[in-house]
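Undergrad: Here is how the chains run, residue by residue.
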Amino acid sequence: MARALIKVSPNPKRGEIIEIKTLISHEMETGFRHTNTGAAIARDIITTFVVTYNGEEIFSAQLFPAIAANPFITFHTIAKESGTLEFRWTGDNGYVASEQVKIAVA
Amino acid sequence: MGETGKHLGGPASAGTRRQLLQLASSAALGGMLPSLAVRPAAATPASMQSAIAAVIGDAKLNSGRVKLEIPPLVENGNTVACAVAVASPMTATDYVKAIHVFNEKNPQPNVISVKLGPSAGRAAIATRIRLSDTQTVTAIAEMSDGSFWSQSVEVVITLGACLEDPL
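Those protein sequences? They're chains H and X, same order as listed. Numbering of the first sequence is given in our numbering, commencing with residue 101 and proceeding in unit increments. Numbering of the second sequence is given in our numbering, commencing with residue 54 and proceeding in unit increments.
Just so you know, these hints were derived from the structure itself, not from any lab. Model, not experiment: these values are computed from the prediction. Even glycine gets a Cβ: it sits at the ideal position worked out from N, Cα and C. Any given hint might turn out to be false.
Listed next, the stretches of chain X that the computed footprint assigns to chain H, with coverage defined by at least 3 CB atoms under 8 angstroms from CB atoms of chain H [unchecked claim]:
hint: 1; segment: 114-127
hint: 2; segment: 162-168
hint: 3; segment: 179-193
Straight line, CA to CA, 30 angstroms or less: simulated DSSO-like cross-link-like pairs of lysine-lysine [as the list claims (entries may be wrong)]:
hint: 4; chain 1: H; residue 1: K202; chain 2: X; residue 2: K158
hint: 5; chain 1: H; residue 1: K202; chain 2: H; residue 2: K113
hint: 6; chain 1: H; residue 1: K202; chain 2: H; residue 2: K121
hint: 7; chain 1: X; residue 1: K158; chain 2: H; residue 2: K113
hint: 8; chain 1: X; residue 1: K120; chain 2: H; residue 2: K121
hint: 9; chain 1: H; residue 1: K121; chain 2: X; residue 2: K150
hint: 10; chain 1: H; residue 1: K180; chain 2: X; residue 2: K158
hint: 11; chain 1: H; residue 1: K107; chain 2: X; residue 2: K150
hint: 12; chain 1: H; residue 1: K107; chain 2: X; residue 2: K113
hint: 13; chain 1: X; residue 1: K120; chain 2: H; residue 2: K113
hint: 14; chain 1: H; residue 1: K121; chain 2: X; residue 2: K168
hint: 15; chain 1: H; residue 1: K121; chain 2: X; residue 2: K158
hint: 16; chain 1: H; residue 1: K202; chain 2: X; residue 2: K168
hint: 17; chain 1: X; residue 1: K150; chain 2: H; residue 2: K180
With the hints as extra help, turn the sequences into a complete structure.
TA: Below is the structure:
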């Protein structure tokens, strides 16, 4: 279904601040547009994005229609221990997508 | 020859042509009016202020510590790179709790709100946003001590995000 791309250094050093880049394909229909006949196009966006690191929430974002299509979000975290980063996007019309990335901390 | 001349210059045909043009223009006007009526109310600087007030409450909004990076001149408002970095040591006792971005003239004043913690290491985020018009974008950082810091940037948009374009 939805295609997500995550870029994160796979082998960071312990205590290193790592940058995590995320991109997910979603058209982010604003709900402010109309068709030729004047009918409103219903809003269909991703509303929340949550990231957990070994079960602990490290980042969350609330998105609005002003976020461009295919939401791209970059943030940072400290590489504390080896484990799993879990990314979860939820949105309108029951939209749910999730992705996992394993990192090995040296 | 004579027939064609009559058609082009005859008073009768000029009259019908004028009527036809009037009819066409009134039809166009009629078609335009409903689309103007359904245009959503754009966010105003006042609605941005009330959205900001909803986040910061009665706290004082200081300027500084926040660095909002948006190109000053943007050709396409549909995707505008937007990066926010906050000067903070990000320790367990002094860190950035949240970063909010607001705009003045999109249909809605909010752009994004993120929650951070000391485990972020660095309070810096980047995303891509939509801007419908030339306007001011404001980023606000909420610190763990309850203070709020902000920076505003003026962005010139050549082609706004197509909010009104029919499909």
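Undergrad: Run through the hints listed earlier and report the numbers of any the structure violates, in increasing order.
TA: Structure breaks hints 1, 4, 7, 10, 12.
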